[in-house]
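Work out the full structure, taking the sequences as your base and the hints as a guide.
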Amino acid sequence: MSGTDIWVMIVGVSIVSMLPRVLPVALFTRYEFPEPLKRWLSFIAPAVLGSLTAMSVLAPEGFIDLSIHNRYIWAFLPTLLVAIKTRSLFYSLLVGIVTMALLYNYFL
Amino acid sequence: MQKQELRQGINDSVPIILGYLPLGLAFGVLANEVGMSIIQATVMSFLCFTGAGQYIAIGVMQAGGAVFTIIMANVLVNLRYLLFSTSMVPYLKGRVPTALGSFLSYGLTDETYAVAMKRYQDHSPTVSYIAGLNLSSHIGWVASTLLGAILGGYMSNTERLGLGFALPAMYICLLVFMIKRKSDVFVALSSALLCLVVGYFLPATMGNLFNIIIATVVAASLGMLFNERD
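In the order they appear, the protein sequences are chains L and P.
Per our numbering, residue 1 is the first one in the first sequence, and the count goes up by one each step.
Per our numbering, residue 1 is the first one in the second sequence, and the count goes up by one each step.
It is worth saying that the hints were derived from the structure and are not from the lab.
Hints should not be assumed to be uniformly reliable.
Said to hold, decoys possible - Derived DSBU-like pairs: lysine-lysine, alpha-carbon spacing no greater than 35 Å straight-line:
id: 1; chain 1: P; residue 1: Lys182; chain 2: L; residue 2: Lys85
id: 2; chain 1: L; residue 1: Lys85; chain 2: P; residue 2: Lys118
id: 3; chain 1: L; residue 1: Lys85; chain 2: P; residue 2: Lys180
id: 4; chain 1: P; residue 1: Lys118; chain 2: P; residue 2: Lys182
Computed from a predicted model, the values in this text were never measured in an experiment.
See the structure below:
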């Protein structure tokens, strides 16, 4: 890919990643959504985070890995417990990262 | 500008930046390897701010693919932002001016979205908060890319430091925050299962994250079956 191609690619990608983020806020804030739509939208956040968690823990390398060698599954358990107990992003991250570092260096 | 809100936004972006650090570094390194200059890699992170989309670009470039392929793949990957952005509208309405809200939505990512939605559970959105959160996350992404592109091969293995688990840990915690109703548990679990099933049977969707979009739309619709009042 030539230098020019790369710049075209960068501008193209920036346009298609900007539009879906900006357009809904730009266009819809003047309208009142009907109740059922608001309710449906209220499920988007839990749904997305359910998917993202599943993908990042069960398919960390881009393919599904349900084996005991998948460190992400082991690190998931203490992190979930700490998240529920402390409800703190900081402690969840700390426990997750430290667990992962220990697993990587000493166990799996 | 409300100083307190701005500061809160910046504080809330710290875990996000920690998660972006290894990803941005790696992007900078890989971008260099497939022939992007330091400036191109950094500008790409500044203009695009889409982790998954940028990694796809690298993958396609590595395989000798076309610019058009990269852009089309990014259309798919970024479609989920339509859902995020739309689901924020009811919160922003009447509290954040449309022009500023739209401008700051450029900084919407999986992570800034989830953190902001958590905040809006008990605080009204403000321009200062969104600016603090989105802009500093954006700066973190750009800075870690620049660092990766400069350091290139000299980078030590960030996996050893456990940083590879920063984003998963963040998703896990934000997921816990998002669960308020029984129906939320059901929706989150259905979505998790669906995205794996779809990804298993249509492996291509794992690459462009389309499985997440399908799972999200279906799971949110399943949530409508619950008729509890919250």
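**Request:** Would you mind confirming whether the straight-line C-alpha gap from Lys182(P) to Lys85(L) stays at or under 35 Å?
**Result:** holds (18 Å)
**Request:** Please work out if Lys85(L) and Lys180(P) have their alpha carbons no farther apart than 35 Å.
**Result:** Distance of about 15 Å is within 35 Å: holds.
**Message:** Need the status of pair Lys118(P), Lys182(P): alpha-carbon distance at most 35 Å?
**Reply:** Given pair Lys118(P), Lys182(P) holds - Cα atoms ~17 Å apart, limit 35 Å.
**Message:** Check whether the Cα positions of Lys85(L) and Lys118(P) lie no farther apart than 35 Å.
**Reply:** holds (17 Å)
This entry satisfies every hint, going by the numbered hints stated previously.
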